[in-house]
Amino acid sequence: MAPLMKKIARNIDTAVEDFCKQLAARFDLDATEVSSLWKVFQSASATKKSKGAIKKSGYVMFGLEVRPLIGAEHPDWDFVAKSKEIGRRWTALPVEEKNRYKEMGIATVVTAVASEVDDEEVVMNATQIDNIDEEPSFAPAPIKKKKTPAPAPAPAAAVADTATAPVIQDEYAMMSLKDLKNVCKTKGVKVSGKREELLDRIRNAPVATATTPIVATTIATVTANVEEEEDDDEKDVGAGTPGSVGILPEGLEEEEEDIAPAPIASKKKHKNDAFPAMASSSVAVAAPAIVKNTKKPSRWNKLSTEDLQSQCDDWDIDFEVDTPREELIRALDNYIH
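So the sequence shown is numbered by the working numbering: it starts at 9 and just counts up by one.
Hints were generated in silico from the structure; no laboratory data involved. Please read these numbers as outputs of a predicted model, since none were measured by experiment. One or more hints might be untrue.
The calculated label-pair distances, taken between Cβ atoms and stated as ranges, are [unchecked claim]: (1) D21 with S91: 44 to 54 Å; (2) D208 with E328: 52 to 62 Å; (3) N342 with G201: 39 to 49 Å.
Cut-off 27 Å, straight-line C-alpha distance, at most; resulting in silico cross-link-like pairs (BS3-like, lysine-lysine) [said to hold, decoys possible]: (4) K47 with K15; (5) K64 with K106; (6) K63 with K106.
Virtual Cβ for every residue (Gly too), placed ideally from N, Cα, C.
Given these sequences and hints, build the entire structure.
Shown next as structure tokens:
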């Protein structure tokens, strides 16, 4: 037996001895007797059990009896020579003698089976202990259950924001973009931008009080309208044919940012009735807002004077031969707008 197996066997024997002592102390038994019962059981289980009694033939029984005699007569013969002599004698043996040896083989099988049964009964009687309930010497380890993590509580700031959310969010959330721009005009805030930007401006717009002049809101609305008109003027014109109203000559579709001539002052003037509150109200009115000229340089600056004159001819714009270049550009711009 290998050293490792011997060590394992010693550890097992030591553990069993301890168990037998604990068992005897608990149930008032003799520790030596319990230990001896374990040793009997261990020795019986260690014995290799036969798969079953093998039936021996008459020839085998005859060979077992005759082989020693042949060895005594011929001590110099080897195993093969002895086997040949056994076969020769078995062939010359009468039938009655052969049957006798066959019966001897059957009797040997019955005796072997009876002895195995007696051994099993001894082992079973040795391992039986009356009125002893065996219990495990160790408690099974508890099964650990994984705890599912509890959902994190919502941040207090988010709860506070939800609780204090203004009603205006639900009021304007379903409005169209056009309606939102109209609301921005009435509140005097900027109307350009995306939907989210307009909603933010409406929510953050200051609430008008009774002492706030009405004229300030009107001026802001008119200023926003002027800005929208100027933004519309900067857009490209629609489709058409070259030389007709609505399309620019080839090469003028894109603007060049590096050309920046002196801006031309806007000629748009507002009528006196554009500010009705100023004429009918006696409240002190702030100075009207000054609208800055944010128009980009004219797209006609890229053409020569001859090309400008040709374009004026195509659009039936009256001009003189000595008309300055700036006047031609202004006339073309006014014709488009």
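Now for the hints, and whether the structure bears them out:
{"no.": "1", "hint": "D21 with S91: 44 to 54 Å", "verdict": "47 Å, holds"}
{"no.": "2", "hint": "D208 with E328: 52 to 62 Å", "verdict": "54 Å, holds"}
{"no.": "3", "hint": "N342 with G201: 39 to 49 Å", "verdict": "30 Å, violated"}
{"no.": "4", "hint": "K47 with K15", "verdict": "18 Å, holds"}
{"no.": "5", "hint": "K64 with K106", "verdict": "13 Å, holds"}
{"no.": "6", "hint": "K63 with K106", "verdict": "15 Å, holds"}
Checked against the numbered hints given earlier, this structure breaks only hint 3.
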